[in-house]
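Here the protein sequences line up with chains A and B, keeping their order.
Residues in the first sequence are numbered consecutively from 350, following my numbering.
Residues in the second sequence are numbered consecutively from 350, following my numbering.
Take the hints with a grain of salt, since some may be wrong.
Because identical chains share one entry, a pair is satisfied inside a single copy or across any pair of copies.
As the list claims (entries may be wrong) - Straight line, CA to CA, 25 Å or less: simulated DSS-like cross-link-like pairs of lysine-lysine:
| # | residue 1 | residue 2 |
| --- | --- | --- |
| 1 | Lys-795 | Lys-832 |
| 2 | Lys-758 | Lys-771 |
| 3 | Lys-411 | Lys-488 |
| 4 | Lys-795 | Lys-865 |
| 5 | Lys-560 | Lys-616 |
| 6 | Lys-488 | Lys-616 |
| 7 | Lys-832 | Lys-865 |
| 8 | Lys-795 | Lys-885 |
| 9 | Lys-771 | Lys-411 |
| 10 | Lys-865 | Lys-616 |
Don't read these hints as lab results, they were simulated from the structure.
As a plain string of letters, each chain reads:
Number of protein chains: 2
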Amino acid sequence: MMDVPLTVPTILERVRTLYRDREVVSLLMAGRDQGGAPVAQVHRTTYGEVARRALHLASALKELGVRPGDRVATLAVNSYRHLEAYLGIPSMGAVLHTVNIRLHPDQTQWILNHAEDRVLIVENLFAAMIPSIRANCPKLEHIIVMGAGGPEGTLDYETLLAQASGDFEYPDLDERQAAAMCYTSGTTGNPKGVLYSHRSTVLHSLASAPKDALNVGERDVVMAIVPMFHVNAWGLPYTCAVAGAAQVFCGMFSDGVSVARMLEQEKVSITAGVPTIWMGLLAELDRAREAGQPYDLSRLESLVVGGSAAPEALIRAFQTRHGLTLRHAWGMTETHPIGTVSVMPPGVSLTSDEGYALQAKQGRRVPLVELELLSDLTDDGRVETLPHDGHTMGRLLARGPWVASSYYKGEGQANFIELSGKLWFDTGDIATLDERGYMHIQDRSKDLIKSGGEWISSVDLENALMAHPAVAQAAVIAIADPKWDERPLAVLVLRPGQQHPGHAELTAFLAPRFAKWWLPDAYEVVQSIPIGATGKFLKRELRDQFAGYTASGTAAR
Amino acid sequence: MMDVPLTVPTILERVRTLYRDREVVSLLMAGRDQGGAPVAQVHRTTYGEVARRALHLASALKELGVRPGDRVATLAVNSYRHLEAYLGIPSMGAVLHTVNIRLHPDQTQWILNHAEDRVLIVENLFAAMIPSIRANCPKLEHIIVMGAGGPEGTLDYETLLAQASGDFEYPDLDERQAAAMCYTSGTTGNPKGVLYSHRSTVLHSLASAPKDALNVGERDVVMAIVPMFHVNAWGLPYTCAVAGAAQVFCGMFSDGVSVARMLEQEKVSITAGVPTIWMGLLAELDRAREAGQPYDLSRLESLVVGGSAAPEALIRAFQTRHGLTLRHAWGMTETHPIGTVSVMPPGVSLTSDEGYALQAKQGRRVPLVELELLSDLTDDGRVETLPHDGHTMGRLLARGPWVASSYYKGEGQANFIELSGKLWFDTGDIATLDERGYMHIQDRSKDLIKSGGEWISSVDLENALMAHPAVAQAAVIAIADPKWDERPLAVLVLRPGQQHPGHAELTAFLAPRFAKWWLPDAYEVVQSIPIGATGKFLKRELRDQFAGYTASGTAAR
Numbered sequence: 350m351m352d353v354p355l356t357v358p359t360i361l362e363r364v365r366t367l368y369r370d371r372e373v374v375s376l377l378m379a380g381r382d383q384g385g386a387p388v389a390q391v392h393r394t395t396y397g398e399v400a401r402r403a404l405h406l407a408s409a410l411k412e413l414g415v416r417p418g419d420r421v422a423t424l425a426v427n428s429y430r431h432l433e434a435y436l437g438i439p440s441m442g443a444v445l446h447t448v449n450i451r452l453h454p455d456q457t458q459w460i461l462n463h464a465e466d467r468v469l470i471v472e473n474l475f476a477a478m479i480p481s482i483r484a485n486c487p488k489l490e491h492i493i494v495m496g497a498g499g500p501e502g503t504l505d506y507e508t509l510l511a512q513a514s515g516d517f518e519y520p521d522l523d524e525r526q527a528a529a530m531c532y533t534s535g536t537t538g539n540p541k542g543v544l545y546s547h548r549s550t551v552l553h554s555l556a557s558a559p560k561d562a563l564n565v566g567e568r569d570v571v572m573a574i575v576p577m578f579h580v581n582a583w584g585l586p587y588t589c590a591v592a593g594a595a596q597v598f599c600g601m602f603s604d605g606v607s608v609a610r611m612l613e614q615e616k617v618s619i620t621a622g623v624p625t626i627w628m629g630l631l632a633e634l635d636r637a638r639e640a641g642q643p644y645d646l647s648r649l650e651s652l653v654v655g656g657s658a659a660p661e662a663l664i665r666a667f668q669t670r671h672g673l674t675l676r677h678a679w680g681m682t683e684t685h686p687i688g689t690v691s692v693m694p695p696g697v698s699l700t701s702d703e704g705y706a707l708q709a710k711q712g713r714r715v716p717l718v719e720l721e722l723l724s725d726l727t728d729d730g731r732v733e734t735l736p737h738d739g740h741t742m743g744r745l746l747a748r749g750p751w752v753a754s755s756y757y758k759g760e761g762q763a764n765f766i767e768l769s770g771k772l773w774f775d776t777g778d779i780a781t782l783d784e785r786g787y788m789h790i791q792d793r794s795k796d797l798i799k800s801g802g803e804w805i806s807s808v809d810l811e812n813a814l815m816a817h818p819a820v821a822q823a824a825v826i827a828i829a830d831p832k833w834d835e836r837p838l839a840v841l842v843l844r845p846g847q848q849h850p851g852h853a854e855l856t857a858f859l860a861p862r863f864a865k866w867w868l869p870d871a872y873e874v875v876q877s878i879p880i881g882a883t884g885k886f887l888k889r890e891l892r893d894q895f896a897g898y899t900a901s902g903t904a905a906r
Numbered sequence: 350m351m352d353v354p355l356t357v358p359t360i361l362e363r364v365r366t367l368y369r370d371r372e373v374v375s376l377l378m379a380g381r382d383q384g385g386a387p388v389a390q391v392h393r394t395t396y397g398e399v400a401r402r403a404l405h406l407a408s409a410l411k412e413l414g415v416r417p418g419d420r421v422a423t424l425a426v427n428s429y430r431h432l433e434a435y436l437g438i439p440s441m442g443a444v445l446h447t448v449n450i451r452l453h454p455d456q457t458q459w460i461l462n463h464a465e466d467r468v469l470i471v472e473n474l475f476a477a478m479i480p481s482i483r484a485n486c487p488k489l490e491h492i493i494v495m496g497a498g499g500p501e502g503t504l505d506y507e508t509l510l511a512q513a514s515g516d517f518e519y520p521d522l523d524e525r526q527a528a529a530m531c532y533t534s535g536t537t538g539n540p541k542g543v544l545y546s547h548r549s550t551v552l553h554s555l556a557s558a559p560k561d562a563l564n565v566g567e568r569d570v571v572m573a574i575v576p577m578f579h580v581n582a583w584g585l586p587y588t589c590a591v592a593g594a595a596q597v598f599c600g601m602f603s604d605g606v607s608v609a610r611m612l613e614q615e616k617v618s619i620t621a622g623v624p625t626i627w628m629g630l631l632a633e634l635d636r637a638r639e640a641g642q643p644y645d646l647s648r649l650e651s652l653v654v655g656g657s658a659a660p661e662a663l664i665r666a667f668q669t670r671h672g673l674t675l676r677h678a679w680g681m682t683e684t685h686p687i688g689t690v691s692v693m694p695p696g697v698s699l700t701s702d703e704g705y706a707l708q709a710k711q712g713r714r715v716p717l718v719e720l721e722l723l724s725d726l727t728d729d730g731r732v733e734t735l736p737h738d739g740h741t742m743g744r745l746l747a748r749g750p751w752v753a754s755s756y757y758k759g760e761g762q763a764n765f766i767e768l769s770g771k772l773w774f775d776t777g778d779i780a781t782l783d784e785r786g787y788m789h790i791q792d793r794s795k796d797l798i799k800s801g802g803e804w805i806s807s808v809d810l811e812n813a814l815m816a817h818p819a820v821a822q823a824a825v826i827a828i829a830d831p832k833w834d835e836r837p838l839a840v841l842v843l844r845p846g847q848q849h850p851g852h853a854e855l856t857a858f859l860a861p862r863f864a865k866w867w868l869p870d871a872y873e874v875v876q877s878i879p880i881g882a883t884g885k886f887l888k889r890e891l892r893d894q895f896a897g898y899t900a901s902g903t904a905a906r
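Can you build the whole structure from these sequences, using the hints too?
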């Protein structure tokens with residue numbers, strides 16, 4: 350067989366030739382209204398034009414002296430321009446390093462320095478960050494600004510593209526060289542970098558396309574709301590490009606109203622985001638229906654949900670009230686990211702109780718990914734793999750051609766372990782796997798509650814509590830207990846106008862679904878739960894806040 | 350990223366763990382009735398059982414002394430046992446060499462000797478061939494017979510599996526090592542062997558699954574009628590295994606009645622075969638409907654057609670009379686095989702004239718495959734690539750990670766050419782490519798008619814002629830012409846009870862669709878057109894038969 354490498358240029362060439370008329374739609378910020386609120390403007394282009402500009406970007410970077418293997422960072426929202434960077438940067442041999450726009454400036458700069466980025470492409474929305482970045486990131490040689498208004502000393506993205514030579518030739522690329530780079534969210538310790546290869550990018554885009562994964566084809570219109578700075582937007586920009594699906598980007602407009610309008614107006618068939626986004630959308634769909642002006646989302650086939658687990662109540666609400674299907678996917682920065690996708694097995698109906706219970710799990714591994722469960726250390730100091738029986742919890746290990754084998758600069762080696770001569774990534778998740786391969790995340794290992802030597806899943810309790818009508822958000826954390834070591838405490842944010850339901854009612858609400866010893870010792874109401882840059886609860890902060898708490902309610906805060 | 354190789358064992362492990370309860374159904378021959386006709390019997394098993402037995406087969410081969418890289422041949426029809434060979438042989442490091450059961454015995458033996466097969470697994474249906482094979486293939490060390498009645502000195506497949514150790518461990522496999530091997534049909538010269546790697550097998554199974562290719566998922570029931578000895582049944586046994594689709598095999602029963610019954614009874618959703626099979630099925634569906642007992646094929650979503658081009662008339666007949674969709678795919682032994690699949694672009698209806706015209710083309714390249722058109726030698730002795738404009742005909746070149754880079758033992762190097770530093774396979778087909786990438790095979794280069802320096806496509810004329818109500822089969826060949834070098838002659842097989850429509854009527858029938866100089870000079874009726882072992886017209890024999898023919902009808906035969 351021919352030795353044809355799996356590289357990003359094959360994706361760029363595919364859209365440039367086969368799909369050049371397919372649309373790419375972006376919601377850009379056109380300015381602010383008199384009240385200071387951002388005003389959106391729809392921008393329409395095609396894959397042909399995006400591909401042409403991506404090649405100009407590749408040329409321009411080469412002319413700036415960027416060499417194969419150099420890191421080129423982006424600080425940008427989802428848009429056609431970010432897609433140009435996705436296609437153009439790896440195609441000239443450099444590494445696309447997408448930086449989370451929501452980090453603390455110190456952390457952004459720490460990451461730019463750690464990655465030793467030579468070029469930064471920054472959206473004008475974030476121009477205010479430039480002076481500080483320039484002062485603190487000495488290895489950054491060029492800053493390119495997308496959109497008008499870049500400060501002096503920066504390069505204008507449009508001018509650069511216009512001046513670049515159009516006759517770019519792809520360099521010879523090895524499929525194992527890096528195409529992209531992401532940093533973990535770093536809820537513990539410093540963020541760690543993960544390099545994605547050309548090979549893993551192409552393989553992931555093939556394996557995530559079929560109907561039992563994300564089901565992407567040329568007739569689809571896909572809106573990835575999951576940010577392009579977040580694990581390559583779950584690979585969707587590439588998966589869609591390979592398949593020829595139209596892409597819609599809502600940029601900084603991810604509130605329920607903006608999302609609902611874009612889904613309707615662009616006849617979106619597949620969309621993807623974290624649970625928080627879908628909670629916002631659900632509220633808007635409910636409001637519109639009650640107002641007698643429901644949205645027409647008849648073309649919408651699936652809302653892919655990942656990042657954290659979607660409660661079954663949310664899945665049921667979308668299905669029963671709006672006929673819309675949430676589809677769970679699971680992955681991590683280290684798995685590039687898709688490891689599993691929820692899909693109904695033959696014979697199980699989506700709207701049966703069994704179907705809903707399965708949909709609340711994270712699904713089954715996509716082709717080429719392997720999963721395993723590992724025990725804690727046994728008495729004789731060994732670890733062992735655990736049965737896939739649907740109830741035994743273990744540390745989830747992953748392996749596959751798009752799973753990291755190390756972090757950038759060799760950090761965090763403890764997360765990569767060898768079992769019977771094979772390398773596995775320890776996800777830090779606690780999960781179960783059943784006989785048919787359905788994976789169910791129980792907890793992050795550091796969030797798991799260890800009571801009397803047994804494990805209690807905070808995620809399961811949270812999802813159950815969020816189905817209570819008075820509860821908007823729930824986080825369950827471990828509190829120290831002299832007898833059981835740890836016991837669960839539920840920290841709740843109530844829905845507007847709701848009262849604390851009381852210990853007895855909440856206990857009665859949970860009791861039918863959990864063993865008695867799983868039930869929280871107490872339910873505390875707070876105004877808000879701290880949330881990190883990727884939209885997840887910061888339980889570490891909650892644990893600090895409730896350190897020394899006892900069930901009688903007299904916490905030493 | 351982890352260095353996880355793309356290998357057949359990952360496919361075997363996937364069905365063994367995730368899809369073990371999914372069904373595998375085979376139509377076996379149970380004996381013969383009093384009239385000597387074969388009697389069919391349905392055999393049902395599961396992927397779990399197939400996987401278990403495949404591992405026993407792998408063990409057994411190892412115990413027989415088969416080493417990595419050794420060739421293990423099969424002479425078998427489509428069945429669960431052949432699927433076991435597909436999964437088991439490559440998983441122990443040997444090369445699955447599927448041999449066409451329809452070849453002349455001399456050619457079968459020539460191929461077994463050329464491939465230097467060490468083991469042959471043969472279905473008892475073909476037991477009569479064993480003595481001669483044994484006498485003429487000295488390198489063959491073991492003959493294993495599937496089914497009862499193997500002659501003395503052969504090994505029984507079931508006994509072998511039962512005695513093999515069940516604790517097989519996969520060897521370390523390099524993804525670029527050979528997993529399988531097929532020989533070309535060899536309509537010119539000796540057959541040539543093509544080695545398929547583990548990598549190409551896995552990549553092909555990923556790229557052929559999405560909805561714009563074969564659209565295979567776990568809920569599908571797939572019946573590959575295309576033989577498993579024919580280019581790995583277009584990769585379907587592997588594609589289905591990766592996706593978890595149930596598989597149905599109709600074995601030696603590929604007549605219209607057997608096929609229609611199996612499609613209905615097993616609720617098949619996807620099936621695949623050559624045009625001849627679909628002609629037989631269409632006749633049976635028409636008959637049943639006219640008899641007031643139509644088949645219920647409501648689960649059937651697509652009939653994949655390849656091997657040779659399906660006439661538009663056949664595509665229309667299935668759609669308009671039975672609501673069934675034929676989906677063109679194109680490939681060759683050298684492309685492992687799928688290069689293109691026909692799929693409607695957004696906005697084009699399947700049942701519009703534009704839709705039918707597109708469906709009669711071979712479709713667009715699947716991800717990772719590249720196609721190019723090459724000119725004949727120019728006046729200054731060079732070749733050049735030709736425009737993709739939908740009408741310029743050129744030699745079709747293919748390139749991709751599942752396209753051959755050479756033949757076994759380095760034969761036929763002239764078919765592999767380098768252009769701008771890249772290797773391409775010269776398919777020997779003459780085709781057009783349009784702006785959107787739709788490929789349309791015009792002819793085999795050797796069958797093309799060169800009239801007055803211009804090219805005439807025999808395939809286009811044949812497909813148009815087969816839409817005439819009197820015509821069952823049509824083959825158009827070149828006859829020598831003193832003025833134009835070559836001119837087209839149409840050789841026809843009439844439908845039962847039909848008369849020769851006459852030169853004037855056929856000319857009038859074709860005239861609206863072709864330039865005047867394309868129209869055949871003559872229309873000759875024959876009883877049958879010679880067909881080769883893979884179901885294609887043997888035009889070489891027709892050309893011999895009509896050598897010296899002149900349009901006045903006085904051929905020197």
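Note to self: Hint compliance check: list the failing hint numbers for this structure, sorted ascending.
What the structure shows: 6, 10
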